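Protein chains in written order, with my numbering: chain A, 6 to 186; chain B, 56 to 335.
Mixed in with the good hints there might be a few duds.
[To be verified] Under 10 Å between C-beta atoms, here's a sample of chain A residues computed to sit facing chain B:
hint: 1; residue: Lys7
hint: 2; residue: Leu9
hint: 3; residue: Leu50
hint: 4; residue: Arg54
hint: 5; residue: Asn77
hint: 6; residue: Ser81
hint: 7; residue: Lys92
hint: 8; residue: Leu136
hint: 9; residue: Leu152
hint: 10; residue: Gly153
hint: 11; residue: Leu174
hint: 12; residue: Gly176
hint: 13; residue: Ile178
hint: 14; residue: Tyr179
It is worth saying that the hints were derived from the structure and are not from the lab. Keep in mind that this is a model prediction, so the values were computed, not measured. Virtual Cβ for every residue (Gly too), placed ideally from N, Cα, C.
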Amino acid sequence: MKELYIDICDLKDEIPDLLIGDMVYLTGEIYTARDAAHKRMYEALEEGRELPFDIKGQIIYYMGPSPARPGNVIGSAGPTTSSRMDKYTPALLDLGLLCMIGKGRRTEEVKKAVVRNKAVYLAAIGGAGALLSKCISHAEVVAYEDLGTEAVRRLIVKNFPAVVALDTLGGDIYQEVENRV
Amino acid sequence: MREINVAEITENISDMCIEINHRLSDDMEKALYDALEKEESSTGKQVLSQLKKNLEIASEEMIPICQDTGMAIVFLEIGQDVHFIGGDLTDAVNNGVRRGYTEGYLRKSVVSDPILRENTKDNTPAVIHEKIVHGDGVKITLAPKGFGSENMSKLYMLKPSQGLEGVKKAILKAVKDAGPNACPPIVVGVGIGGDFEKCALIAKEALTREAGTHSNIAWVKELETEMLETINDLGIGPAGLGGKVTAMAVNINTYPTHIAGLPVAVNICCHVNRHITRCL
Numbered sequence: 006m007k008e009l010y011i012d013i014c015d016l017k018d019e020i021p022d023l024l025i026g027d028m029v030y031l032t033g034e035i036y037t038a039r040d041a042a043h044k045r046m047y048e049a050l051e052e053g054r055e056l057p058f059d060i061k062g063q064i065i066y067y068m069g070p071s072p073a074r075p076g077n078v079i080g081s082a083g084p085t086t087s088s089r090m091d092k093y094t095p096a097l098l099d100l101g102l103l104c105m106i107g108k109g110r111r112t113e114e115v116k117k118a119v120v121r122n123k124a125v126y127l128a129a130i131g132g133a134g135a136l137l138s139k140c141i142s143h144a145e146v147v148a149y150e151d152l153g154t155e156a157v158r159r160l161i162v163k164n165f166p167a168v169v170a171l172d173t174l175g176g177d178i179y180q181e182v183e184n185r186v
Numbered sequence: 056m057r058e059i060n061v062a063e064i065t066e067n068i069s070d071m072c073i074e075i076n077h078r079l080s081d082d083m084e085k086a087l088y089d090a091l092e093k094e095e096s097s098t099g100k101q102v103l104s105q106l107k108k109n110l111e112i113a114s115e116e117m118i119p120i121c122q123d124t125g126m127a128i129v130f131l132e133i134g135q136d137v138h139f140i141g142g143d144l145t146d147a148v149n150n151g152v153r154r155g156y157t158e159g160y161l162r163k164s165v166v167s168d169p170i171l172r173e174n175t176k177d178n179t180p181a182v183i184h185e186k187i188v189h190g191d192g193v194k195i196t197l198a199p200k201g202f203g204s205e206n207m208s209k210l211y212m213l214k215p216s217q218g219l220e221g222v223k224k225a226i227l228k229a230v231k232d233a234g235p236n237a238c239p240p241i242v243v244g245v246g247i248g249g250d251f252e253k254c255a256l257i258a259k260e261a262l263t264r265e266a267g268t269h270s271n272i273a274w275v276k277e278l279e280t281e282m283l284e285t286i287n288d289l290g291i292g293p294a295g296l297g298g299k300v301t302a303m304a305v306n307i308n309t310y311p312t313h314i315a316g317l318p319v320a321v322n323i324c325c326h327v328n329r330h331i332t333r334c335l
């Protein structure tokens, strides 16, 4: 198990070396999207419309924050359960999405899409939203503002901690934990 | 007869929403610190110490412990000698939730219709359970419930012939299926008996019981202890990344049931098991 500090601009090159269980600390730009935003993006693709941001080479963090107190960039900001996005994820990966950050198990279809596209799925600690909010230095809504907490946000993060949960070799950390017992 | 103005209910619920989303009750805080002591895996220890730090930041800087500040579940035990004045009780509860979630910078996570899914933008309505009891007091318990773990909860209508073994299997299956998704270390609230909805309700009530306490019924207490051990032998561990502590408590409530039935409800809560009680 490695510990790596990664500039998100270099993530694509680093991905082949990442293995499940590795701890990464990300610095750079990421986007947020959860249930409702995924549904809208998926519908846009089905209808041949453009996505609200170019997802090629990007990271999507499954997160809907609590409101920021005055003077803060964002409120509590931990990951939500990824499996609810499973239906939409393979299509986004095939369009060039590089990385997802969430928590919990994924389907076989997502695993295959991760391997096929040389992408990576990272798990952040669920229920550590106050702590994780301290890694976020900038947040702005870039699409679907009407969705409130579920709007798409662009974040700038510094040393955002996460564990590699699905890797390019088809490794699955949760499966491995289950097999260990 | 004692008169209570519903404005008091609103005020208390508003405060309680803000308080419990930033600071866990002492029993849950202790349960998490105990978990850190007990955990053997290095990853598990790392996760738990991050969760400890998360609790410190949350209360010191008033940032909610988790961004999912929950749907407000409200239990009201109302003395039969109470007369509410000043307005509608249900409105008073919802006004408290609205005020707490708005003024407390808490996330609005409720949609008005399960299919149309439009956010109500003030986290109302609450889920309200009223019980009429003796006396002239009102006991309010608020348990904001996150849905990462709520989604992993289950209800089984077992056959009486499946007995205690069937109950154990049902609990274990629910916890295994929940795995990493429910944000372990979890608290497992179990209802055994009653009918379909009573079983689910007592399971939810079990989550509000003080962690570390047990049922007064001997076989239930034994089952709570045994299931906690069995669950922690699964190895799911903190954040589902492997380890000794998968659950911090198993709380079981029972109720009489029908000759033909053995309902079992397993209501799972993440490590942010928020519950707070005030008496008026």
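Cross-check of the supplied hints:
Nearest Cβ of chain B to the Cβ of lysine 7 of chain A: about 14 Å, over the 10 Å cut. The hint is violated. With 10 Å as the threshold, the beta carbon of leucine 9 of chain A stays out of range of chain B, its nearest partner Cβ sitting at about 16 Å, so the hint is violated. A cut of 10 Å between beta carbons decides the hint on leucine 50 of chain A: the least distance to chain B is about 20 Å, and the hint is violated. The restraint placing arginine 54 of chain A at the interface with chain B is violated, with a minimum CB-CB distance near 20 Å, outside the 10 Å limit.
The beta carbon of asparagine 77 of chain A is positioned within 10 Å of a beta carbon in chain B (closest approach about 7 Å), and the interface hint is therefore held. Checking serine 81 of chain A against chain B by beta carbon gives a least distance of about 4 Å; that is within 10 Å, so the hint holds. The interface hint given for lysine 92 of chain A is broken, as the beta carbon of that residue sits about 15 Å from the closest beta carbon of chain B, more than 10 Å. Proximity of leucine 136 of chain A to chain B holds as hinted, the smallest CB-CB distance being about 4 Å (cut-off 10 Å).
Hint status for leucine 152 of chain A relative to chain B: holds, with the closest Cβ pair at about 7 Å, below 10 Å. The interface hint given for glycine 153 of chain A is met, as the beta carbon of that residue sits about 5 Å from the closest beta carbon of chain B, less than 10 Å. Against a cut-off of 10 Å between C-beta atoms, the interface hint on leucine 174 of chain A is violated, since the closest Cβ of chain B lies about 18 Å away. Hint status for glycine 176 of chain A relative to chain B: violated, with the closest Cβ pair at about 13 Å, above 10 Å.
Given the 10 Å rule on beta carbons, the hint for isoleucine 178 of chain A holds: about 7 Å separates it from the nearest Cβ of chain B. Hint status for tyrosine 179 of chain A: holds, given a least beta-carbon distance of 5 Å to chain B, under 10 Å.
Hint compliance for this structure: hints 1, 2, 3, 4, 7, 11, 12 are broken, all remaining hints hold.
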